[in-house]
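Sequence positions in the sequence shown follow the working numbering and run 1 to 311.
The hints are simulated quantities; they were obtained by calculation from the structure and are not laboratory data.
A virtual CB, placed ideally from N, CA and C, is assigned to each residue, including glycine.
One or more of the hints may lead you astray.
What follows is a list of derived Cβ distance ranges for each label pair [stated by the list, open to error]: (1) Arg267 / Ala35: 40 to 46 Å; (2) Asp97 / Ala35: 22 to 28 Å; (3) Val149 / Glu114: 28 to 34 Å; (4) Arg204 / Val156: 32 to 38 Å.
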Amino acid sequence: MTYDPVPLHRLEVPAPNELPFAIGSFDTIGPLSRAAFPHRHVFHEIVYVTSGRGTHVVDAVPWRLSPPNLCAVAPGQVHHWRGVSGLNGWVVLFTDDFLLEHPEDRETLRALRERPWLRPPRDEAVRLSALLREMDREYRGRGGGFVSVLQSYLHVLLVRASRLSGGGTPTPAAGRTGGTARDFGRLLEESEAGRLSVRECAARLGVSVGHLNETVKRATGRTPGQLLRRARVLEAKRLLTGTGMTVGQVARHTGFADPAYFCRFFRRETGVSPGAFRRGAGEGGGAGADGGVDGDRGADRGRTGSNHHER
1 MTYDPVPLHR
11 LEVPAPNELP
21 FAIGSFDTIG
31 PLSRAAFPHR
41 HVFHEIVYVT
51 SGRGTHVVDA
61 VPWRLSPPNL
71 CAVAPGQVHH
81 WRGVSGLNGW
91 VVLFTDDFLL
101 EHPEDRETLR
111 ALRERPWLRP
121 PRDEAVRLSA
131 LLREMDREYR
141 GRGGGFVSVL
151 QSYLHVLLVR
161 ASRLSGGGTP
171 TPAAGRTGGT
181 ARDFGRLLEE
191 SEAGRLSVRE
201 CAARLGVSVG
211 HLNETVKRAT
221 GRTPGQLLRR
231 ARVLEAKRLL
241 TGTGMTVGQV
251 ARHTGFADPA
261 YFCRFFRRET
271 GVSPGAFRRG
281 AGEGGGAGAD
291 GGVDGDRGAD
301 RGRTGSNHHE
311 R
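Please take these sequences and the hints and turn them into a complete structure.
Written as structure tokens, this is what we have:
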């Protein structure tokens, strides 16, 4: 297993049962729910902020709080809170195992990571608050059949979040072709994915390179090579902003033996050098008074997955 320089947290929260699921307020879940240091999880986290000020940084993109805000953080993504005060709302934590009754929710979550910061209109905000309160009551009460009820509530929450993001609920592709594309998508979520070649990915998935290229291009509109380069750049961004590693160390950790080649690769993919990217992220990107992207104005920026700061 490759060493991960970013702190990795597992689902360990004050819980009344052994479910791979938890819900509560920021205070109930504990200090890590508002951690000020960059970290990542092995579980999914959905945050619904009802009040507060500050910035939530997800994969080096700062999102300014403008409650109500809904955010989905996927396993492997690096995030932290910056300069927050008066933070209130709900935190929902769960693993992939909790999605077995609604496997299509995995595709919804994958789509939500492309736009991780949402601001629901007033009517929908009221409905979301009511839904989360009911989820919390069900979780604490543990009545008969409560697990299936929670899974259903979570499904509703994800569908509503997907509507807010401007998309419908993704329909998984059928058959072996769709399965290959989904498996490749899950492989991309691993922190070391960017270091793999297309051939290595195909071998891991037990398919030919040609089949992988064809199915992924059909499902995503991009080649596996393009998506692997994107994953490599994203992991480099996470390390540049979430750790004190030197550029040379980041280069080696992302699979580049030559730091100079890494710098050329990073500049080609992002338009800036690794050092300039780190400095821009450290200065908050110059976006607004508190250095964050507004949840409404920054929606398209978050969707691209390639912009690193406000200009």
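Evaluation of the provided hints:
no.: 1; hint: Arg267 / Ala35: 40 to 46 Å; in the structure: violated, 31 Å
no.: 2; hint: Asp97 / Ala35: 22 to 28 Å; in the structure: holds, 24 Å
no.: 3; hint: Val149 / Glu114: 28 to 34 Å; in the structure: holds, 29 Å
no.: 4; hint: Arg204 / Val156: 32 to 38 Å; in the structure: holds, 34 Å
Violated hints amount to a single one, hint 1; each of the other numbered hints is respected by the structure.
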